[in-house]
Amino acid sequence: QKEVEQDPGPLSVPEGAIVSLNCTYSNSAFQYFMWYRQYSRKGPELLMYTYSSGNKEDGRFTAQVDKSSKYISLFIRDSQPSDSATYLCAPRSGSARQLTFGSGTQLTVLP
Amino acid sequence: NAGVTQTPKFQVLKTGQSMTLQCAQDMNHNSMYWYRQDPGMGLRLIYYSASEGTTDKGEVPNGYNVSRLNKREFSLRLESAAPSQTSVYFCASSSGGAYNEQFFGPGTRLTVL
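Chains as they are written, first to last, in this note's numbering: chain A, 13 to 123; chain B, 284 to 396.
Quick caveat, the hints were computed from the structure, so don't treat them as lab data. No experiment lies behind these values; they were computed from the predicted model shown. Don't take every hint at face value.
Mimicking SDA-like on lysine to any residue, the simulated pairs with C-alpha atoms at most 20 Å apart in a straight line are [what the hints assert, rightly or not]:
1) 340/B with 123/A
2) 54/A with 340/B
3) 54/A with 307/B
4) 68/A with 382/B
Interface residues of chain A toward chain B, partial, derived using beta-carbon atoms under 7 Å [stated by the list, open to error]:
5) 41
6) 59
7) 109
8) 113
9) 115
10) 116
Glycine residues also receive a C-beta, built at the ideal position from the N, C-alpha and C atoms.
Please model the entire structure based on the sequences and the hints provided.
This is the structure in structure tokens:
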């Protein structure tokens with residue numbers, strides 16, 4: 013079993029929809045939770061990060077972590093065609109330097 | 284400010300050939316990483332270098348070697364390429380910190396025939 017599981021999609025939604033992207037993980041030592049966004053044929057870039065449980069909001073994006081159920085979510089409000097990309101969750105434990113990436117969810121927002 | 288650069292962008296090899304993928308960063312980061320990305324597998328860490336002069340194996344190091352040439356440059360070598368090494372390779376760098384934000388290069392698309 014992988015340490016981080018992520019539904020690969022693909023997920024297609026109409027413009028303006030609320031999008032929910034999710035990951036589950038098995039390592040209870042994970043404390044830092046990141047979401048990376050990867051446009052087609054580009055390298056990933058950091059989108060959001062949060063520490064331990066709780067919510068963090070940044071514009072149209074909200075990152076949510078529930079450590080009790082080992083569940084990570086990214087919500088996108090008022091989705092735009094420019095949000096079309098692959099989203100990768102990437103948790104990290106406090107002691108580790110490296111990240112553990114989920115396999116990514118491919119999102120398409122249709123105009 | 285170029286960030287992380289990788290060369291080449293594309294490469295086709297025959298089984299058994301060797302090649303070196305080059306990576307350089309201009310952000311004065313201590314840590315550098317090499318990943319491969321395959322469909323459905325996400326990013327898998329091949330090797331990383333926490334600082335100049337050190338390298339460590341990641342999740343999938345077999346068939347690869349690395350060299351941290353200096354603080355800016357981190358190369359990945361395939362000594363005898365195999366079709367299973369067909370993938371997109373990404374180099375990344377980071378300065379550390381709580382979230383250890385990693386900055387990625389544009390990738391190298393490698394096909395081994």
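Evaluation of the provided hints:
Straight-line distance between C-alpha atoms of residue 340/B and residue 123/A comes to about 44 Å, which puts the hinted pair past the 20 Å bound. With a C-alpha separation of about 25 Å, the suggested pair residue 54/A and residue 340/B falls outside the 20 Å cut-off, and the hint is violated. Of the pairs offered as hints, the one joining residue 54/A and residue 307/B holds, with about 17 Å between alpha carbons and a cut-off of 20 Å not exceeded. As the CA atoms of residue 68/A and residue 382/B are separated by approximately 14 Å, the hinted pair is consistent with the 20 Å bound.
The beta carbon of residue 41/A comes no nearer than 15 Å to any beta carbon in chain B, farther than 7 Å, and the hint placing it at the interface is violated. The closest approach between the C-beta of residue 59/A and any C-beta of chain B is roughly 11 Å, which is over the 7 Å cut-off, so the hint fails. The interface hint given for residue 109/A is met, as the beta carbon of that residue sits about 6 Å from the closest beta carbon of chain B, less than 7 Å. Hint status for residue 113/A: holds, given a least beta-carbon distance of 4 Å to chain B, under 7 Å.
Interface restraint check for residue 115/A: the shortest CB-CB distance to chain B comes to about 4 Å, inside 7 Å, so the restraint holds. Interface restraint check: residue 116/A against chain B, minimum CB-CB distance 6 Å, threshold 7 Å, status holds.
Violation of the numbered hints given earlier is confined to hints 1, 2, 5, 6; the remaining hints are satisfied by the structure.
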